[in-house]
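Next come the chains, spelled out residue by residue.
There are 2 protein chains.
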Amino acid sequence: MRVFSFYERASRAFQDYPSLSKLIVLFTVSSGGLVAYSESKPYHGANSIDSSQIDSKKKRVLVLGTGWAGTSFLKNLDNSSYDVQVVSPRNYFAFTPLLPSVTCGTVEARSIVEPIRNIVKKKNMEIRFWEAECFKIDAQNKKVHCRTNQDTNLDGKEEFIVDYDYLVIAMGARSNTFNTPGVVENCHFLKEIEDAQRIRRTVIDCFERASLPNLSEEERKRIVHFVIVGGGPTGVEFAAELHDFVCEDLVKLYPAVKGLVKITLLEAGDHILNMFDKRITSFAEEKFQRDGIHVKTGSMVVKVSDKAISTKERGNEEISSIPYGMVVWSTGIGTRPVVMDFMKQINQTNRRALATDEWLRVEGCDSIYALGDCATINQRKVMEDISAIFSKADKDKSGTLTVKEFQEVIDDICERYPQVELYLKSKQMRNIVDLLKDSKGNDAKESIELDIEGFKSALSQVDSQMKNLPATAQVASQQGTYLARCFNRMEVCENNPEGPLRFRGTGRHRFRPFRYKHLGQFAPLGGEQTAAQLPGDWVSIGHSSQWLWYSVYASKQVSWRTRMLVISDWARRFVSGRDSSRI
Amino acid sequence: MRVFSFYERASRAFQDYPSLSKLIVLFTVSSGGLVAYSESKPYHGANSIDSSQIDSKKKRVLVLGTGWAGTSFLKNLDNSSYDVQVVSPRNYFAFTPLLPSVTCGTVEARSIVEPIRNIVKKKNMEIRFWEAECFKIDAQNKKVHCRTNQDTNLDGKEEFIVDYDYLVIAMGARSNTFNTPGVVENCHFLKEIEDAQRIRRTVIDCFERASLPNLSEEERKRIVHFVIVGGGPTGVEFAAELHDFVCEDLVKLYPAVKGLVKITLLEAGDHILNMFDKRITSFAEEKFQRDGIHVKTGSMVVKVSDKAISTKERGNEEISSIPYGMVVWSTGIGTRPVVMDFMKQINQTNRRALATDEWLRVEGCDSIYALGDCATINQRKVMEDISAIFSKADKDKSGTLTVKEFQEVIDDICERYPQVELYLKSKQMRNIVDLLKDSKGNDAKESIELDIEGFKSALSQVDSQMKNLPATAQVASQQGTYLARCFNRMEVCENNPEGPLRFRGTGRHRFRPFRYKHLGQFAPLGGEQTAAQLPGDWVSIGHSSQWLWYSVYASKQVSWRTRMLVISDWARRFVSGRDSSRI
Chain A
1 MRVFSFYERA
11 SRAFQDYPSL
21 SKLIVLFTVS
31 SGGLVAYSES
41 KPYHGANSID
51 SSQIDSKKKR
61 VLVLGTGWAG
71 TSFLKNLDNS
81 SYDVQVVSPR
91 NYFAFTPLLP
101 SVTCGTVEAR
111 SIVEPIRNIV
121 KKKNMEIRFW
131 EAECFKIDAQ
141 NKKVHCRTNQ
151 DTNLDGKEEF
161 IVDYDYLVIA
171 MGARSNTFNT
181 PGVVENCHFL
191 KEIEDAQRIR
201 RTVIDCFERA
211 SLPNLSEEER
221 KRIVHFVIVG
231 GGPTGVEFAA
241 ELHDFVCEDL
251 VKLYPAVKGL
261 VKITLLEAGD
271 HILNMFDKRI
281 TSFAEEKFQR
291 DGIHVKTGSM
301 VVKVSDKAIS
311 TKERGNEEIS
321 SIPYGMVVWS
331 TGIGTRPVVM
341 DFMKQINQTN
351 RRALATDEWL
361 RVEGCDSIYA
371 LGDCATINQR
381 KVMEDISAIF
391 SKADKDKSGT
401 LTVKEFQEVI
411 DDICERYPQV
421 ELYLKSKQMR
431 NIVDLLKDSK
441 GNDAKESIEL
451 DIEGFKSALS
461 QVDSQMKNLP
471 ATAQVASQQG
481 TYLARCFNRM
491 EVCENNPEGP
501 LRFRGTGRHR
511 FRPFRYKHLG
521 QFAPLGGEQT
531 AAQLPGDWVS
541 IGHSSQWLWY
551 SVYASKQVSW
561 RTRMLVISDW
571 ARRFVSGRDS
581 SRI
Chain B
1 MRVFSFYERA
11 SRAFQDYPSL
21 SKLIVLFTVS
31 SGGLVAYSES
41 KPYHGANSID
51 SSQIDSKKKR
61 VLVLGTGWAG
71 TSFLKNLDNS
81 SYDVQVVSPR
91 NYFAFTPLLP
101 SVTCGTVEAR
111 SIVEPIRNIV
121 KKKNMEIRFW
131 EAECFKIDAQ
141 NKKVHCRTNQ
151 DTNLDGKEEF
161 IVDYDYLVIA
171 MGARSNTFNT
181 PGVVENCHFL
191 KEIEDAQRIR
201 RTVIDCFERA
211 SLPNLSEEER
221 KRIVHFVIVG
231 GGPTGVEFAA
241 ELHDFVCEDL
251 VKLYPAVKGL
261 VKITLLEAGD
271 HILNMFDKRI
281 TSFAEEKFQR
291 DGIHVKTGSM
301 VVKVSDKAIS
311 TKERGNEEIS
321 SIPYGMVVWS
331 TGIGTRPVVM
341 DFMKQINQTN
351 RRALATDEWL
361 RVEGCDSIYA
371 LGDCATINQR
381 KVMEDISAIF
391 SKADKDKSGT
401 LTVKEFQEVI
411 DDICERYPQV
421 ELYLKSKQMR
431 NIVDLLKDSK
441 GNDAKESIEL
451 DIEGFKSALS
461 QVDSQMKNLP
471 ATAQVASQQG
481 TYLARCFNRM
491 EVCENNPEGP
501 LRFRGTGRHR
511 FRPFRYKHLG
521 QFAPLGGEQT
531 AAQLPGDWVS
541 IGHSSQWLWY
551 SVYASKQVSW
561 RTRMLVISDW
571 ARRFVSGRDS
581 SRI
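Chains A and B, in that order, are what the protein sequence lines are.
Counting from 1, one number per residue, gives the positions in the first sequence under full-length UniProt numbering.
Counting from 1, one number per residue, gives the positions in the second sequence under full-length UniProt numbering.
What the hints contain is simulated information worked out from the structure, not anything from laboratory work.
Keep in mind that the hints are not guaranteed to be accurate.
[What the hints assert, rightly or not] Straight line, CA to CA, 20 Å or less: simulated SDA-like cross-link-like pairs of lysine to any residue:
1. B:136 / A:213
2. B:221 / A:148
3. B:143 / B:127
[As the list claims (entries may be wrong)] Using C-beta positions, here's what the derived DEER-type ranges look like:
4. A:344 / B:213: 23 to 31 Å
5. A:216 / B:269: 53 to 61 Å
6. B:346 / A:213: 25 to 33 Å
7. B:126 / A:320: 33 to 41 Å
Backbone N, C-alpha and C define an ideal beta-carbon position, used for all residues, glycine too.
Based on the sequences and whatever the hints tell you, model everything.
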């Protein structure tokens, strides 16, 4: 809280000298932020094991992908007993949360990328990198088929096979078109660096094209009509960035099209930013209305042609056609073909992503891990295991459970089934004993004794609290870190398992299950205003959150080099605006 | 001289803290350089005329191209009595001398471009810009046919026609392949920003490709063999940049291909950098040898296939084939198709560029000017006009010329025929009178009197000093400035001509002819060493010239924004090296 009031005071004090003062505050904040946020790791305590204990034959770990999950795995892996290979079509890690900024030149593409070879070079273990695309996973033979993605003159040598002992799948997802016709051909996506660069060129192209002589007013209007499909954080941030770019920079340079520019945001649901707090949603909707960004909710896109986008309103079969100059499609994620193919192999056909257990191991596979956007954790239900839990807890095999008996396994249950804790929280109970008491009525204190049916009915509702994790950088990054620490401690935990009791088996699980720690989420809304939703339902909207956003995003950069580049890009934008060259 | 010794002392003093000290010196030097070099304009004294004197019907000026010539014309044009339109396929000006730096990421592409709309916005006159390519000049009807260069969905409206009263052709040149087969398909050029970006990606691609598993040693060697064709300043600078990039940055990241990288520079002539002083040439050749850059002179390229480049040694008909991974072709410039087409229209078929007179007016055309790389000044010979000069000078029509008569026209002759001055300089004479005396023998002093034959023989050698101007940014930029000043003073000079006597006509020329002032040339050789050839045959080679290079190039930037960007790119490179991400 204190940090906010400082920013606010500083902003007020400097408001007569806007750009200089912003600069000063920017640097102050970011250096402050660096200290405050630099390393808020979600998982602690793991150390690398002594390499002298290890068999000389190294286990081969193959990592597919260098996005958030793959890179955080590689950064945190610290065990030279592995022979690590990385396959990715991109030889860099990209800080994707800043992609919307790249589309309008607020930040340069090169400022948010770091070569993966630079990242692994700093480690004291050898990691080999191949710039190639994996096109087939052969789990049976523990082989991965790869292909270079270059236009090569390699004499058919562009395919190769990599063997592994452990496979880490972190290939991310692709944009989801929901099979809407014309989307792939006519829309821009916003998942890769190249997408952002292409969008930037296209925005400038639209302005140049609309400025050409001999065009009708109607044609000019069409060309500078920008449509964004999807009211999630990416779509909203891009709309806001584009609005700022147009109002702050482009209208000065393109006076001929000044009054014609229109930005439309199409959302199929009732509200934009629907994963955020209601206060944020309505603030965003109001701000966009003030800014002149046209938000159209309840609007389904049914077709995209080269010049018009066809939509259908909910509860209305009529299809209306909107002429456009550029469409950006950001409606969610789909499965990559290679992952889909692998899912068929392992009989996971009816899912949108690879199902893993709570230790990120792909279900039905040996030694294959999946994390990030290509995976989803298939959390085990309490009710599935209820008999096993009961019999494990009922040590004296009396057929009933006393509170004392139960208390011995409480921690393991909570650790194994995180939904229990969430359920207790939602009911505002302190611990499981309260839950049991609740089911018996509030009369007895120590004398509760439950049989299997009572136990079942007491826990019958807890599984309702199970939620899939969102497909965000934060989740992927925490999963990468978690998995790296598991790998670092593989041998240690083999002998000294640290996880919860195996209710259906014997002994304990080797590791604690992955647990996601939500650190909050931002939604930049343009005009130096950001909405922030922090843990504990703390909502902050406005200029102060924008400074928090700057400092968090600066501190989360993967290297000091990119951190300095991003900060200097922001500074440059304050001083001299965004560049509008068509390159 | 003083400035150099300061740099040298500073460099020596700081040599224990190389990168920090370089940074300090960089900023010191560049700010010093800014003052020293910022505006050393070659042509002075012109002012814009009062706009109230001008007819209300504005003359339409059409500028084709936004390179050095076009941009310096636009920057210096300062006469609101013109209606100015600009047509260029690129909506920005690019600082092309830094293109070789862009190829390896020493400087970012975006740091050396400035939107043309930004440049013209600052002027107090309206200039309209169309992002399009001119594909036909119709001099007869004073029309130019243009076409947008976007992949557009514009319903066939992508062509339009612009009328003009004055046409300024500044379209530059294209790379010259000398019709060598396979060059267009397999080689990289280095003329545009996009070329430099493509080269940068390809260099990284080659390193990634050579690192892939399952390749033979021979194949790896081929892929990281970089061939540069053309030993001019661009080719040499690119070779040096590439060598630095490989040695300073890439070998650390690609240990597998460390020993395999080879850079070859092919030059058809006897020496590289043959337009420079001999000392520079031999220094460069020796430095490249030390660095391991393979320089092969006297080597003509006859064919380029997708994997090998075929060369023929001079005086030897045998053709040898060199396997390569990437070829950069930088052997000189050729004529653009649209200019070639226009040259046919005006019967200038047997030339490599548009011929203009000394006032940059295209020969045989009314109101068309050409400047920069697409044009060449067809300097009029003294001997062609010798009779006209004689009769103009012989005021008393005596048939002979006295020294006194002659002295009245000396200045006009020198101004009209710059070769006269060059000839005198080469003969170490003070003025033309010495020349006349020389032809008569050194006996008489005031009594020289020449008839037409004697006059002819005295001046018979002067035309040997005529030289075409080099196709450099410096020439183009000075021509643009010159022409803008002519346009600014058009009406004033109509009434008060400031040029030399018209020897073949009556009265005086409206303007002084264009005169090029050579300010020196740099050839960066890598490893923080540059060769500089400054006017007066002053040659400087080494680290000190590198700092001069930094300060001159920083100060010559077209805007403060790009200046800061370029300087910060240099600083970033010193601190954290060049980026090797494949974007």
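Tested hints:
no.: 1; hint: B:136 / A:213; result: holds, 17 Å
no.: 2; hint: B:221 / A:148; result: holds, 18 Å
no.: 3; hint: B:143 / B:127; result: holds, 18 Å
no.: 4; hint: A:344 / B:213: 23 to 31 Å; result: holds, 27 Å
no.: 5; hint: A:216 / B:269: 53 to 61 Å; result: holds, 56 Å
no.: 6; hint: B:346 / A:213: 25 to 33 Å; result: holds, 26 Å
no.: 7; hint: B:126 / A:320: 33 to 41 Å; result: holds, 40 Å
In this structure, none of the earlier numbered hints is contradicted; all agree with it.
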